[in-house]
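Undergrad: Here is how the chains run, residue by residue.
There are 2 protein chains.
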Amino acid sequence: MPTIRDVAERAGVAPITVSRVINNSGYVSEETRARVEAAIAELQYVPNSLARSLRFKRTDTLALVLTDITNPFWTTVARGVEDAASSQGFNVILCNTDESEGKQEKYLNVLLQKRVDGFLLVPARSTPEPIWQIQSQGVPVVVLDRRIPDAQVDIVRGDSEGGAYELTRLLISMGHRRIAMLSGPAEVSTAADRVAGYRRALREAGLPKDLELAYYGEYTQEGGYRLAQRALAASPPPTALFAANNFIAIGALRALREAGLRVPDDVSLVSFDEIPPAFAIDPFLTVVCQPAYEMGQEATKLLLSRLSEEESGEPREIVLPVKVIVRKSCGPAPSKRRPESV
Amino acid sequence: MPTIRDVAERAGVAPITVSRVINNSGYVSEETRARVEAAIAELQYVPNSLARSLRFKRTDTLALVLTDITNPFWTTVARGVEDAASSQGFNVILCNTDESEGKQEKYLNVLLQKRVDGFLLVPARSTPEPIWQIQSQGVPVVVLDRRIPDAQVDIVRGDSEGGAYELTRLLISMGHRRIAMLSGPAEVSTAADRVAGYRRALREAGLPKDLELAYYGEYTQEGGYRLAQRALAASPPPTALFAANNFIAIGALRALREAGLRVPDDVSLVSFDEIPPAFAIDPFLTVVCQPAYEMGQEATKLLLSRLSEEESGEPREIVLPVKVIVRKSCGPAPSKRRPESV
DNA sequence: TTGTATGCGTTATCAG
DNA sequence: CTGATAACGCATACAA
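Each protein sequence line maps, in turn, to chains C and B. Per our numbering: the first sequence = residues 201 to 542. Per our numbering: the second sequence = residues 201 to 542.
Treat each hint with caution, since some may be false.
As the list claims (entries may be wrong) - Restricting the straight-line Cα-Cα distance to at most 25 Å, the calculated cross-link-like pairs of lysine-lysine (BS3-like) are:
no. : chain 1 : residue 1 : chain 2 : residue 2
1   : C       : K306      : B       : K257
2   : B       : K306      : C       : K501
3   : B       : K501      : B       : K523
4   : B       : K257      : B       : K501
5   : B       : K523      : C       : K257
6   : B       : K501      : C       : K306
7   : C       : K501      : C       : K523
8   : B       : K303      : C       : K501
9   : C       : K257      : B       : K306
10  : C       : K501      : C       : K257
11  : C       : K306      : C       : K257
12  : C       : K303      : B       : K501
13  : B       : K306      : B       : K257
As the list claims (entries may be wrong) - A short list of chain B residues far from chain C (calculated; beta carbon distances all over 10 Å):
no. : residue
14  : P272
15  : I372
16  : E412
17  : C489
18  : G531
As the list claims (entries may be wrong) - Beta-carbon label-pair distances, calculated as ranges:
no. : chain 1 : residue 1 : chain 2 : residue 2 : range
19  : C       : W332      : B       : T327      : 46 to 52 Å
20  : B       : D298      : C       : L411      : 41 to 47 Å
21  : C       : V519      : B       : P202      : 35 to 41 Å
22  : C       : P476      : B       : T203      : 44 to 50 Å
23  : C       : S505      : B       : P483      : 47 to 53 Å
24  : C       : C489      : B       : T327      : 38 to 44 Å
Don't read these hints as lab results, they were simulated from the structure. By construction, the Cβ of each residue, glycine as well, lies at the ideal position given by its N, Cα and C atoms.
Using the sequences and the hints given, assemble the complete structure.
TA: Following this line, the structure appears as structure tokens:
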């Protein structure tokens, strides 16, 4: 693999001149520039960004560490990050932790060694240590989606509490009283926040405390499947299910089908996050839609601003508004449903 | 950010000694080792892998460039790659081209500049140029999934032709004669191979040429949706649809639903590649299952062997066997279906 | 067992 | 406009 020196020799100039041609820095006569460019082409020279980064102390690379690349919500976020980053000349390294703390730790170490310029992190757990680890190296981090107690850090997230509140109100306004919340891991802030919004709506409506039916599980379709089974086993069963994310909803739908229950005729089903048509869900669900692409963009902009303007201002928390999208998956609560049931 | 020199000073030794401690190379007395390790901990020293790679001329990093990260087939392949690579101490950088030649070119350039040790590439197009570009830099490549004419390169792929042949035979044995093949882009080898296998089965069964119903489109659910619509518009319509990949199948299923056709009662539907339960497809499809995880593993092993043993043997082509999994999405061909139709 | 000199490929600085 | 020198952080070869 040829180096800048090989190119220089071939063009009969000094290495630094080649550097100037490549980076369009400093003065180079048209004539030498042409000679150098010819040499570059002939040798198929590819600059070594390792050496470059070593000098610059900059890699022009951001790390995006997230928890579940198979979830379209996150692929959409990733697209937002990718677009915002590359528009500013930054590359993105994508890492998938699968919600595993071990994998996350491994990736953070590797990425710190590779000297990425900044981190966009969806923390696998709500502990501040990983944040501290990054910050102790003087590398900026923006946390995505999840609040981390005790960490002084920028964060960009959706309005989980507000969205859950709105959606629960909608269900209540349709006459539902027994609404089961199928939530994620209790220690993840989005799960807690969504339950909180759900509870607020119930209380405001004056519903008794024993109608607060919150179940905690995993943010996966398998988790949703089991959560729905648990919720449906109650007596009397709920008339509506509120899935705390899209994968839980898909799992819940499967459980409903197996139980012979139709949506929305027998049970209403709503959820957080869109479910793209690729997932072939029928019926399409009423959801709280988070601006995933914008979340990626905003977080990246914030991170890049931290990078450029040495702006060491207070940590910011950006809460993006969410939007309820009503579709046919929820209907009025049947007043006397399946009276013989369970 | 502290360097190896800072650590050395703090421990009262030379930088090289710190290096020896970190890499467990050469002799270091227990005493100095302890002092150095203490210094490393106190300073929270993180080795700079850029400098390291610059010396070693090795990054211990592989690039995995694929076409559609949202497709579970590819995420499974990626998992196989990741596992095989990290078991040998290699990191993986994952890049998603979205089937776009432009993005692919951009990524290849960046990755070459970053001096990754090798490439695992799912080519966006069947042209040899990208392969040549990589090979001209002396960097090993293994192509995944797709044959590239005119390129001397290692390849690991599934038996598209054979799988399509088997599955088509199954349909024929169930009495189907009008079988529409909903394929991918004609210029992608997997699409062509699957059509070839399909044709071979038809001919062997002695079916006339006008029953070779091959449609070409995109490997996406949107593509599948349109392909199915085109196929169903024929008169008489097909009794079975063969989707050339899982996303095409999902799209086709949507088109079938909209047309009021049930699977398998009205039309049989089969496809290449598994569709994980997360996609909530009902009914589960009869498929040709490719060993995705193993494909990732095998390709990585091959690539690593090229890396270590300077093994410049002939390019190898590894064709992995596929397996037909029969489920309820295909049934006997109705002898006189919807006689009034269209 | 530990240290010195040197170079990996690139660019900033300063001189010509 | 162009070039010599030095330095980025680390590890190999060779001394001590």
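Undergrad: Against which earlier hints does the structure fall short, listed by number upward?
TA: 5, 14
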